[in-house]
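*Asks:* Everything in the sequence shown is counted per the UniProt record's numbering, starting at 1 for the first residue and increasing by one.
Treat each hint with caution, since some may be false.
In the SDA-like style, the derived pairs of lysine to any residue whose C-alpha atoms are separated by at most 25 angstroms in a straight line are [to be verified]:
1. Lys185 with Arg486
2. Lys334 with Asn346
3. Lys78 with Leu67
4. Lys233 with Asp289
5. Lys499 with Ser62
6. Lys279 with Asp289
7. Lys196 with Ile177
8. Lys279 with Phe321
9. Lys492 with Glu453
10. Lys444 with Ser427
11. Lys94 with Leu64
12. Lys66 with Lys518
13. Lys461 with Phe61
14. Lys461 with Arg65
15. Lys343 with Ile316
16. Lys314 with Thr300
17. Lys279 with Asp303
18. Lys540 with Gln194
19. Lys425 with Val391
20. Lys221 with Lys343
21. Lys343 with Lys540
For the record, the hints were derived by calculation from the structure and aren't laboratory data.
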Amino acid sequence: MPTLENKKTGDVEESPGADNKNGDETEVVPEKDPFAYLNRDEFSSERFKIEVNGLPRHYGFSELRKLFNDRLKVNAHKLIPPKKGCSYMFVNFKSEEERQEGIKKIDGFVWKGRKLFAKPAKAAEDPLVKKRLCDDVDKVEEGFVPNESIADSIRRVTTPWWNVPYDIQLERKMTLISDVFREMKTGILSAHSQLKNTSVLCNGIVEKIKPSPVTEHYRNKCEFSIGYNPESKEKTVGFRLSSYKRGSTAVGPIDTVTHLPNFMVQSALKFQDFVRQSKFEVYDPETHDGCFRQLTVRVTSKDDVMLMVLLSDKKITPEDFQSLKDELKNSFSKENIKSFYVKLLNDHGQPDKTPPELLFGSETITEKLMGLKFEISPEAFFQVNLPATEVLYTAIGSFLEEQTNATLLDVCSGTGTIGLSLASKCSQVLGIEMVPSAVIDARKNAEINSLTEKCDFFAGKAEDITEPVIVRAKSQNIIAIVDPPRAGLHQKVLFTLRKCEKIQTLIYVACNAKAAMKNFIDLSRPSSNAFKGQPFIPVKLIPVDMFPNSPHFELIIVFSRLASVLNESKANKSD
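Please model the entire structure based on the sequences and the hints provided.
*Replies:* Structure, rendered in structure tokens:
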């Protein structure tokens, strides 16, 4: 999916492109020079790149950012994260002058006992052109299926288990979950040798996966690419057949996929008709020409539809932009569209600083979840499988029984869905969210559901405001729920949660348990100068299938303080 799932970073610069247009109506000859993009009249920080060698073995990327930004005051355009265990990295600048200044500041600097070396680096090859030159390699690439139809390719890309019986899918996911638990257990016992001779972390703490109540047509939000169908050569609103990095810009149709609601597909196809008739071109990620980039469609259980169109601003004049908006309004205002937004992005994919523009309709759409009403704005995070979300929240709520006097600390609270859904089970909800518009939505949702006296939400990075928010807790018993982005929880937040003695239970909701593995292990490490506070130990793992027909799932991990875990273990032995 496009990088919006981060839930969730600094500057993002799209992969370098190359100009392969020949300026006439003859057949376009694909570019064969992977460095041709450097000769285009277009900014690319790849021209001003350096290599930094001598990095220490142990450090966090946030430490690296602070080193360059705060201590060395290097005016970098982009820091490219090094691979795990790698002793070198790349840094890009906006000009040759800034590159040379960066080399002077970095080269010879001693950091964590290691001397850093900096030198100019070669620009990266355009991955699309590189793939063209390695076509034979493409054919043996993992996932390549010879003679596969476009329809099957789309199903494989979006729902790789579409032809696997659902009970077999659940068995496969339980195997993946067992692997996660095994890795977690090994990491925790390695970091905390005291636990090796205890019954802590026994296999019995892993519950059977909770299935999704629905297995088809379940997604309430989808982001569609806009490009060309490789067979029909028509403008198409659909899914990329592969990534740009793997050498593909082709887009396949959506009419055979089963995870999207019919009403969503119909809305996307209507927009496809508009694009095909429009004088504006689709965006080309190789040359950065064209206008139409992406269509986001949200639908509710009552078939209300919200559309948001992302447009490239490279060659569109203010007059053309206004003309296009008028055409969109004329074409879709009579359709059953509840809300329609447009948003400009620059030619490297950077969003405009302003929020998306409401073209017509209401600012939000409304959905019911756990008996409550939630207003959803165009860029807000909301779980994509509504019935399975109720299964997820019910499972989390089961750990709040008999905790009616507790304060619920909802970290990465988004629009407040978890905290508000569980507000009836506790005395207070404090939510922390870095996206200001999501906090506005959360407060509005609290007001809609008459929960403002019990629930409040705060805007800011969790690593900066968790500590002051905790001070507002009315109860001596705080239960923390963290639902972080895919990469996991910021280290500073983890430290703050560990050292807060009022938090005896921490519930971690992981959408990618492998990526968050370091968090799990760090929560469980013995107390030290670096890891203050008593460790948290996992006592229950509850997987929930939020994404049928794919290998993905959500994992609830309940952590308790080590002392209570050991006391309970002793009590069970005495029984």
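*Asks:* Next step is simple, just say for each hint if it's right about the structure.
*Replies:* Status of the hints after comparison with the structure:
1. Lys185 with Arg486: holds, 21 angstroms
2. Lys334 with Asn346: Measuring from Cα to Cα gives roughly 30 angstroms; hence the hint is violated.
3. Lys78 with Leu67: holds, 14 angstroms
4. Lys233 with Asp289: Satisfied, since the Cα-Cα distance of roughly 17 angstroms is no more than 25 angstroms.
5. Lys499 with Ser62: holds, 20 angstroms
6. Lys279 with Asp289: holds, 14 angstroms
7. Lys196 with Ile177: It holds: about 22 angstroms lies between the C-alpha atoms, which stays within 25 angstroms.
8. Lys279 with Phe321: Since the Cα atoms of Lys279 and Phe321 sit roughly 12 angstroms apart, the hinted pair holds (cutoff 25 angstroms).
9. Lys492 with Glu453: violated, 29 angstroms
10. Lys444 with Ser427: holds, 19 angstroms
11. Lys94 with Leu64: holds, 19 angstroms
12. Lys66 with Lys518: holds, 21 angstroms
13. Lys461 with Phe61: Given that 25 angstroms is the threshold and the Cα spacing comes to 16 angstroms, the pair holds.
14. Lys461 with Arg65: holds, 16 angstroms
15. Lys343 with Ile316: OK: Lys343 and Ile316 at ~13 angstroms, within 25 angstroms.
16. Lys314 with Thr300: With a Cα-Cα distance of about 34 angstroms, the restraint between Lys314 and Thr300 is violated, given a limit of 25 angstroms.
17. Lys279 with Asp303: violated, 30 angstroms
18. Lys540 with Gln194: With a Cα-Cα distance of about 20 angstroms, the restraint between Lys540 and Gln194 holds, given a limit of 25 angstroms.
19. Lys425 with Val391: With Cα atoms ~16 angstroms apart, Lys425 and Val391 stay inside 25 angstroms; holds.
20. Lys221 with Lys343: holds, 17 angstroms
21. Lys343 with Lys540: violated, 43 angstroms
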